[in-house]
Each structure stands twice: as C-alpha cells, then as structure tokens.
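Engineer: Listed here are the chains, written in short residue letters.
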Amino acid sequence: MASIAAAQVQEVRSITRIERIGAHSHIRGLGLDDSLEPRAVSQGMVGQKMARKAAGVILQMIREGKIAGRAVLLAGQPGTGKTAIAMGLAQALGPDTPFTSMAGSEIFSLEMSKTEALTQAIRKSIGIRIKEESEIIEGEVVEVVVERAAGGGGARVGRLTLKTTDMETNYDMGAKMIDSLLKEKVQAGDVITIDKATGKINKLGRSFARARDYDATGQQARFVQCPEGELQKRKEVVHTVTLHEIDVINSRTHGFLALFSGDTGEIKSEIREQINSKVAEWREEGKAEMIPGVLFIDEAHMLDIECFSYLNRALESETAPVVIMATNRGITRIRGTNYRSPHGIPLDLLDRMIIVPTSPYSHQELREILNIRCEEEDCQMSSDALTVLTRVATETSLRYAIQLITTASLVAKRRKATEVSMEDVKKVYSLFLDEHRSEQFLKEYQDEFMFNDGSGDAPQLMEVSQ
Amino acid sequence: MEDQERVVKYLVSVEKLANDILSDKHEIVLLDKRRNHNREALRDLTKTNQKKCWVTVGSVLIKHNVDAAKSLLEADQKQLNIDINKLRSELKVKVNNLRDLEMQPPVPGLMLNPLSSKETEALSSSKLINS
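Protein chains in written order, with UniProt numbering: chain W, 1 to 466; chain D, 1 to 131.
Careful, some of the hints might be misleading.
Derived CB-CB ranges, DEER-like [stated by the list, open to error]:
1. K94(D) x P342(W): 49 to 55 Å
2. S269(W) x K94(D): 50 to 56 Å
3. E27(D) x L36(W): 53 to 59 Å
4. E228(W) x D20(D): 52 to 58 Å
Computed footprint of chain W on chain D; a stretch qualifies when at least three of its residues, placed anywhere within it, have a C-beta under 8 Å from a C-beta of chain W [what the hints assert, rightly or not]:
5. 18 to 30
6. 33 to 42
7. 112 to 118
It is worth saying that the hints were derived from the structure and are not from the lab.
Built from N, CA and C at the ideal position, the CB exists for glycine as well.
Next up, chain W with everything else stripped away, as it sits in the complex:
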C-alpha cells in the first residue's frame, strides 16, 4: 500500500515542477486504447498509427518482462516523430520503470571511455525493487511525564501516553528514550513514530485537534491527522533503485555524494561484479525483483563500430535492458569504418533488432500536430493561419513550422492581437529563413561570403544532422 502512496506523491511533485516547454512536452503517452489500437489523436500523439501500434506491442512485452536482451530501432526521415514515440513509450511505462534517454554523441567524452559511458547508461536502465520493513509505534502524544527519583541524581522515570483513533496506551520509558524525546522536543499533541528496532523517534507533525492550541506557531508547524488503527504497525516501503545508483555508492573513490554532483567518473569492473553477485543473492532470497527498463539512444548513427560491438555483447547478458535506438539515416557509412550499411548500423546488430519504420505525416496530421503545439505553447491561432502554417510544414519541414508558432504569436502580441492571423505567419515566414531558402540564398551570394571555395554548391551544409 505504501508504494501506491509513494507513487502518488511523486506524481503530485512532478505537476508542481515548472517545466519549460520542450519540443516533445505535449506527449503524455502513446495514445493507445486498452486493446492497443492507436487512437487518431490522443495524448499528444497524431498519426503514425503503424509505428504507435508497434510501440504498443513493445510496451506490452516490456511490461511482461519478455523483451530483455533485444533491441528496437525506430527508423524514419527527420521530423517523423521517432523521438516522440520513444517519449510516449517512456510516459506509458510509468514512473516505476527506469527510462534512460541519451543522444548517441553523449558517449564521446574525455572523462570516460565510450564503453564505460555505455555501461553506465545500461545500468541506469535496470531497476531493482527492494523492500524495507520496520515495526513502528505510531500515535498522537497525549501526555509525556518525566519524573526525577527523589533525592536527585537518581535514575529518571518517564511515561509516555500515545493514542490513535482506536486506542490509547501507556509506555514506561528508560533514560535513553527520555533523552531522545526531550531532544526532539516532543510534547502533547505531536504525532510521532518510534522505530521499535532502533528506538529512533520521528516527529510527523502536530495533530489537527491541537491546531487551535496556540495563536502563533513556528514556520515548521505541520498539521497531520491523528493516526488510525493499531498503535504498533508494520511499515513496509518498496523502493526502486537502479543498478547504477548502487554502483556509485559502492564505488569507494567517489562515495554517495557523486550521486548528486553527477561526477561519477569510471567505476571499477570488480565493484560491478560484486554488486551483480549481491543482487543475484537478493533475488535468490526473494528480497529483490529486477525491473528491466528502457535505454533510448537517439541519433544512434553517431555511435561507432566499437560501441556497436559492445552493445552486441551487452544485449546477451540476462540483465540487459530494452535498447531502443532512433536514427534518421539511410544507407550510410558505419562510424569508425569504411563500410556502408543500412541506417549506419552493422548488419549483425541490425539482425537482433526489431525495426519500426516511421513515415512522413499526411497533410491532415500535420495540421493536427500544429494545433496541439499551439495549445501547448498557449497560442491562439486563426484557422486560415493554421492552414498557411500547415502548407509551410508540408513544403519545408514540420520543425520549421513549429518554430514559426512561437515567433508568430510574439508578433501577434506586439500588435496587441489576441489571435495569430495569417499576416503574422507570413511576416515571420519572411523574417526567418527555412533551410531550403537559406541554402538558396547562400548559393546565390556564395561569392560574397568569406572562405568561399568557389565550387558554387555547398554539399557540407547538407551533412548537418537534424
């Protein structure tokens, strides 16, 4: 039960967190119904039905733990919703399943070797569910009495009366408990828990019934309900931690502070082996469950041949997460070699993958997406402006059209209009060049730019990744 409460608390927290509007912030799931059929427009997802249905099947397989050690490749042209589908999958999996998202180029760093970065990403995507259990006494303090034995200097005796909505009882206390009660400044009306094993006292807050005791209270005064039920409870809390987090706290050179500073550096392989065997032991004893999560590698064509062969090996391990990669490349050179291969991924790895294609959006779908983005960016748009924008999206790219939404809404705001009109869109269309017009412009005025090699066309420009 505690885990449900914990999950709810987490959800509440994520709502209060103010998020910037990102490119995929409108996505709340895969937009599938209970029988995994994609709905036309749902949870921020539009069109791409086949790919979404495939993602739904993958989702089901992940939930049932059947897909570990396999990989999924999302392949499609730029701007066809590959990242959106991965994000939707992450949202649909829920907060309990670890989901790590990284770009292929993230593994190239001076601090860490490529394989170390990949290992860390893989171990971040594997969760361990463990349970902590404690016997606690939880109740509202009715009265605390501390007496010093006559003559002074003798042992003190204390009595603590606790109640819940159902019962009330007295506890005799020894000197140590009296000390910790006094240290915590426990007084009548506080709701406290006492850990039976350690004797640790935890103040939860003040009872609502005592809310009118004082006119002025400190800032920290928190009011809670008087606990219900039995006084002596068994508290069970289920935690989900990732293998990487356990690695970090056991990595002696860094210690747990590295968890927060993010400066983990390389972790020795012996430590990983120790942790693997400990976790295996826990699973044997029924103390831990493994949750294979999802590792999403965007721009997977940026990985080089070493990474691919490492991944090939890592997928064999029984604790491998589901690896989802996305790429927008066709047949191209595998990084680090001179061989060409579909998607820039070696054939042996490609053979292990389930490939999900995404196809370009239709006119109607583009309009729907632009509409959702308008809502997400709090921008009122007239329907003819949306038509123009959809046309821009078909002729140039969806990303460029989405950029125009915000800029057009700013232009509309400047003329104090509440709605973005067609003129606003036209204005920003002339103010900001799209990729194609920019290229056209460069070709025309090539000679006047610096370092011009005079060849007339600019093939390098086309290499820029989306």
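Since chain W is already given, all that's left is putting chain D on it; use the hints.
Structural biologist: Chain D in isolation, oriented as in the chain W frame:
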C-alpha cells in the same frame, strides 16, 4: 438474465473479499489493543510487591498468584504476536486477490521479503533510500 446473474455474482465476490479485508484490519486493531493492555498489565505486575493480584477472565474477577498471572499474560502475548503476523501476511494475499478481481495490476513488490536491518541501514546511510 444470464448477464445480470453474472454481474451480481461478480459483485458479490468482490464485496465479500473487500469485507473480509476490512474485518481482518479491524481484527488486527483489536488484537493490538489487547497486546498493549497486556503489556501495561505486565509492567504493572513487575512494579507491585504483593503476592496476589486480580485477574479478569471474561466477566469474572479471580484473585490469582502474581507469578502465575504473569506467565498467563506472557503466553497470551506470544499468541497475539503470532496471530497479528499471520493476519498481516494473509492480508497481503487477499489485497492482491481483490486487485486481481478488480482488474488492477498487483501492488508492486508486495510479496518481496524485506531487506535485513543491516542492509537497510547501509542503503539509507548512503541516502539511496530515505527512511
């Protein structure tokens, strides 16, 4: 008609199980109440220096030997602890059964064995879990 019967049958099974869970929870509260009363009594008996004490058995008051009364109470405590633990572990199974009937996924990690106190201590001191 058949559908109706099936629905009623289903609802009855859900309500029955739910009621069972609630009554078990209530039972735990009652047992804990008795456990706490016994504990208070045991403490008071250690403080007294009389040879005999009053013991209630049902609605009858009996004057009894202190030592004998103590051993009676201790035996009762032992049995109470066993009963409470048994109810608690049965409750888990029942809750999962109910969730199964209501087409909800089982509570994650409910049937896990807890970590030992040493392991919990190690994890919480490194701030990985906060207890």
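Engineer: Taking 8 Å as the Cβ threshold, is the statement that the stretch 33 to 42 of chain D is covered by chain W upheld or broken by the three-residue rule?
Structural biologist: holds (count 6)
Engineer: Against chain W, does the stretch 112 to 118 of chain D show at least 3 residues with beta-carbon separation below 8 Å?
Structural biologist: holds (count 5)
Engineer: Could you tell me whether the CB distance from E228(W) to D20(D) stays inside 52 to 58 Å?
Structural biologist: violated, 19 Å
Engineer: Between the beta carbons of S269(W) and K94(D), is the distance compatible with 50 to 56 Å?
Structural biologist: violated, 45 Å
Engineer: For the stretch 18 to 30 of chain D, do three or more residues have a beta carbon lying closer than 8 Å to a beta carbon of chain W?
Structural biologist: holds (count 3)
Engineer: Using the beta carbons of K94(D) and P342(W), state whether their distance is inside 49 to 55 Å or not.
Structural biologist: holds, 54 Å
Engineer: Go ahead and decide if the range 53 to 59 Å is satisfied by the Cβ distance of E27(D) to L36(W).
Structural biologist: violated, 42 Å
Violated hints, listed in ascending order, are 2, 3 and 4; each of the other numbered hints is respected by the structure.
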